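*Asks:* Residues per chain are reported as follows:
There are 2 protein chains.
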Amino acid sequence: MPDIKHFDPELALERAERLFWQHGAAEASIQDVVAATGLNRSSLYATFGGKQQLYHAALRRYLRHRAQPAFRQLADDGRGLPAVRDFFGGLIAVRCSGEHAGWGCMVVNAHLGTEHHDPEVRALLDDHHRQLRDALHTALDVARRDGQLSPHLATGAAAETLALLAYGVNLRSRNGADADSLLQTVTDTLALFGA
Amino acid sequence: MPDIKHFDPELALERAERLFWQHGAAEASIQDVVAATGLNRSSLYATFGGKQQLYHAALRRYLRHRAQPAFRQLADDGRGLPAVRDFFGGLIAVRCSGEHAGWGCMVVNAHLGTEHHDPEVRALLDDHHRQLRDALHTALDVARRDGQLSPHLATGAAAETLALLAYGVNLRSRNGADADSLLQTVTDTLALFGA
DNA sequence: ACTATCTTGGAACAACCATTTCAAGTACCC
DNA sequence: GGGTACTTGAAATGGTTGTTCCAAGATAGT
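If you read the sequences in order, they're chains L and Z. First residue of the first sequence? That's 0 in numbering that gives the first Met the number 0, and the numbers climb one at a time after it. First residue of the second sequence? That's 0 in numbering that gives the first Met the number 0, and the numbers climb one at a time after it.
Hint data in this document are derived by calculation from the structure and do not stem from the laboratory. These figures come from a predicted structure and were not determined experimentally. C-beta atoms are modelled at their ideal positions from N, C-alpha and C, and glycine is treated no differently. Don't take every hint at face value.
[To be verified] Covered by chain L, per the in silico footprint, the following chain Z stretches (three or more residues, Cβ under 8 Å): (1) 18–27; (2) 101–110; (3) 118–131; (4) 161–167; (5) 172–185.
Construct all of the structure, not just a fragment, from the sequences and the given hints.
*Replies:* What follows is the structure, given as structure tokens:
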């Protein structure tokens with residue numbers, strides 16, 4: 000009996016995700032979301048419930064569609080150190096060139112601003128950190144098994160270091176840091192791990 | 000002939016600095032500045048010119064009073080690796096405990112949000128990055144001279160790595176990261192540099 | 001004491017914010 | 001085809017934003 004939606008909620012969510020990714024939750028107004036998605040205020044509120052909940056949904060979508068696939072590929076790659084290097088290579092490429100250049104990482108961006116005060120967002124950030132660190136840890140354990148690592152290197156500690164390094168890369172890329180320089184720093188760091 | 004100011008501009012600037020440091024430029028309103036400084040809107044605008052210019056002044060004050068003294072101490076410390084370790088120890092202590100716990104670094108915070116779009120702010124962030132990296136480089140060169148470093152380690156590359164690591168520390172500390180864990184990560188990283 | 005020149009308090013401003021409301025429109029089931 | 005349950009458009013709400021304006025107050029030189 001009811002009318003059906005005149006738009007695709009998933010497509011609208013993707014548009015909102017990109018908007019919040021690029022501009023942050025605080026700077027992107029509902030008016031901007033309306034303009035970006037093309038749908039009406041009423042439809043927005045009826046479908047997503049409000050700005051905060053829409054941001055939550057967008058952040059979850061980013062984690063599911065952007066971050067986690069990269070983590071999974073890193074963890075499933077069987078090559079060890081080259082897998083880690085390629086992970087950072089892909090990260091830096093996305094951050095410094097192409098459609099999303101200068102946008103940074105939506106999760107890293109969420110560490111500041113209004114979104115940061117929300118307990119649910121903080122939990123998502125902690126989740127993200129754990130997943131990133133664990134994927135790096137897995138890849139480093141593969142490298143250890145294949146004898147690619149210095150004997151004295153602790154893979155857990157090295158994974159934590161690389162995770163923090165990734166935050167630094169994401170942060171500086173937003174200020175226009177040079178891609179070659181960032182990748183060189185990562186390469187130099189990984190060279191320290193080698194046998 | 001004129002009247003004189005009924006307040007101390009430098010004290011007011013310090014209050015504004017702390018407000019912007021903790022909450023960011025976008026989230027702290029002029030009303031908040033008025034409340035924090037105790038002085039009137041008119042006096043604020045007459046003295047500092049507007050919100051953007053006030054934020055500029057506050058950020059410059061942060062660099063001059065907070066960041067640069069730490070950089071100078073690091074560069075002037077003659078102990079090499081222990082100096083680097085103590086630099087990070089002090090950083091983590093400020094970020095995770097005491098009056099400014101959870102505030103992060105004002106410069107790192109400025110990498111996100113409205114302030115980031117301002118060319119003058121971006122230039123300050125690049126300046127800050129260069130100063131941090133150079134101070135680390137200087138300390139590492141001291142370590143190299145004293146034979147504390149592995150022969151194959153390039154001090155320039157290692158300084159860049161540590162700078163990015165510091166950004167990661169500042170970022171994660173805002174989300175409540177554990178001080179001991181952060182310091183352990185730094186210590187483990189520095190251990191890789193050792194001879 | 002008078003005046004010129006600044007500071008100060010507080011109201012007023014227009015623009016924007018997220019959200020709500022409601023009438024009008026629309027598609028499905030019976 | 002009628003009725004019902006939903007969607008949609010657009011206006012309106014109450015609050016906050018940064019900034020401006022102006023009268024009232026205060027100080028230093030004459």
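*Asks:* Which numbered conditions among the earlier hints are violated in the structure presented, ordered from lowest to highest?
*Replies:* Violated hints: none; all satisfied.
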